[in-house]
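Trainee: Spelled out, the chains give:
Number of protein chains: 2
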Amino acid sequence: MTTGPDTRRVSIDGGQSGSRVRLAIDGTTTDRDDGPIFTSRPVVEQVAEIARRALADAPVRATTLTAGVSGLTPDQSRPERLLALTADLGVDSVFLVHDSVSAYLGANGFDHGVVTAVGTGVVTLGVGDLGTARIDGWGHLLGDAGSAYWIGRAGLDAALRSFDGRSGATSLERAAVDEFGELPELYMRLQGAPDHVASIAGFARIVGREADSGDGIAVDILRHAATELATSVIAALRRTGWHEGDASRVSWMGAVLTRNDMLREHLRDEISTRAQGAVVQAPLGTSLDGVEKVADTPPGHPLDIEIYRAG
Amino acid sequence: MTTGPDTRRVSIDGGQSGSRVRLAIDGTTTDRDDGPIFTSRPVVEQVAEIARRALADAPVRATTLTAGVSGLTPDQSRPERLLALTADLGVDSVFLVHDSVSAYLGANGFDHGVVTAVGTGVVTLGVGDLGTARIDGWGHLLGDAGSAYWIGRAGLDAALRSFDGRSGATSLERAAVDEFGELPELYMRLQGAPDHVASIAGFARIVGREADSGDGIAVDILRHAATELATSVIAALRRTGWHEGDASRVSWMGAVLTRNDMLREHLRDEISTRAQGAVVQAPLGTSLDGVEKVADTPPGHPLDIEIYRAG
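Residue numbers (the numbering used here), protein chains in the order written: chain A, 1187 to 1497; chain B, 1187 to 1497.
Worth flagging that the hints you see were computed from the coordinates, not collected in a lab. Mixed in with the good hints, there may be bad ones.
Just a sample of chain B residues kept apart from chain A, beta carbon distances all over 10 angstroms, derived [said to hold, decoys possible]: (1) His1382; (2) Arg1435; (3) Asp1475.
Label-pair restraints from in silico Cβ distances [as the list claims (entries may be wrong)]: (4) A:Thr1459 x B:Gln1377: 29 to 37 angstroms; (5) A:Gln1377 x B:Ala1242: 29 to 37 angstroms; (6) A:Gly1221 x B:Thr1459: 54 to 62 angstroms; (7) B:Val1465 x A:Arg1227: 27 to 35 angstroms; (8) B:Glu1266 x A:Asp1219: 52 to 60 angstroms; (9) B:Val1465 x A:His1429: 51 to 59 angstroms; (10) A:Pro1485 x B:Gly1378: 48 to 56 angstroms; (11) B:Glu1371 x A:Gln1377: 21 to 29 angstroms.
Computed from a prediction, not measured in an experiment: that's the story for all the values here. For every residue, glycine included, the Cβ atom is placed at its ideal position computed from N, Cα and C.
Required output: the full structure, derived from the provided sequences and hints.
Mentor: Here it is as structure tokens:
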């Protein structure tokens, strides 16, 4: 990593629906938005383009480039290629991580503990004496238990059960009609829509609203989601060397937990009941803050081996 | 409907993975296979082509054409158009039904009761004093509770939970690797595969096998599936006028229940416990037998209004 007064840093928090970019020069930082990074296309080329836009019109100087990318796979993790693509901008040092690593650093810094990063999907990362453990993150078809997609899907399932007479009444039935139109056409409309994952995940907000209004079935969905998140957190704790009674920091990343007080309180209750010693605490900063910390990860830290470097 | 000694009948049981066709002439019946009917394309045109192949080289004579089509929607139910497309074959009478109706008639004949038709998806149909009630059938994203897709998805979810350390060990973890390869790549591979619904549904067979071998988590999945199917059956009973203690016939259609003794026994137990008077009984015949019965539905029978006719 380049250091000294002349060093600048570009940090990119790249997601599937948009990116946040931070430019730090001589102690001054500027944040801006940029477009999404799609893991279905070559990743480092997209990171390089975002860096190029961030540094447009700036004079060439020594630069550290760090990116945390949602769903980054090992074969997409090509820091040497990223360095080659950005050398003309002055980049002489490159760091690439999976977004669970930047979420972890943003939420917990370098302390041991667990982060559960909840958006459309969810991935949970533990860091402890035994190393790191990544839990779930298996996508909407098979996993992502407790995510916005999971909550939204459960809400629509509940609406259809109410419509069928398979359950007691829930205000989610009316809410689903208001959002999507008549229920008998709902599934055909969603199955045919290319953005159905986002549409279903968007219904999580409605489930939260109906739970706040006192609908018992909506409350149960949030409680069940919190149980799923807690199960992932506890698996991450155990696999990284935590034992019942040990103190540990558990935090979160993402708007789903930040905005939903009931979900967060249920998670807090689940953890304090099922994992004595572990305490749910608010994140220290954002995931973009976490990207910025990647380059400062101490040698020998368990997250060190999760960082792809060049330069 | 045409009757008399010169009448012949073509009956088509049209599914998304293949069709069965029965030709009945002067008391002699011949069954054959044909290709699938896709509800994403105009349906009656596909039915007409299957009828044309079934009658190829046969002399033109008065013919009754009946088709039960998987997932038939009201706007695809165009019997007049089907009649026009097949008039040159001698067809002078046409009947079109949703496959839940033909499954019902195949399983229960004209008696009141319930059928649960379980394949990749599931739809449950009740017939009683209050009319008919169709339950679930909401597709793999939001519904189809207890179907092969539902069981297969639950099995892969269980494999990933075991892999993560979110649950106790299950033989489904090893079985999933044997079927699909290493688990960390599983979800990306399935999400990218156009036939992922069929692939996931295919894993239901493996869940059944592991349950038979004594894996507790696989047994729990089948038990939960049976509970879901029973919940749909009971909703269908209630909505069609059944009351606790009334005798009623409950049957099934499809290989998932026919081939899986444990699932069927759990369903039988659930119904006898939760719906006293209702009894699970083996289907009277096949869904193709049910298609053949459509034309003989007595006037005033609750299923009468579910039949689209022309001629």
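Trainee: Flag every earlier hint the structure violates by its number, smallest first.
Mentor: Checked against the structure, the hints that fail are numbers 1, 7, 10, while the rest are satisfied.
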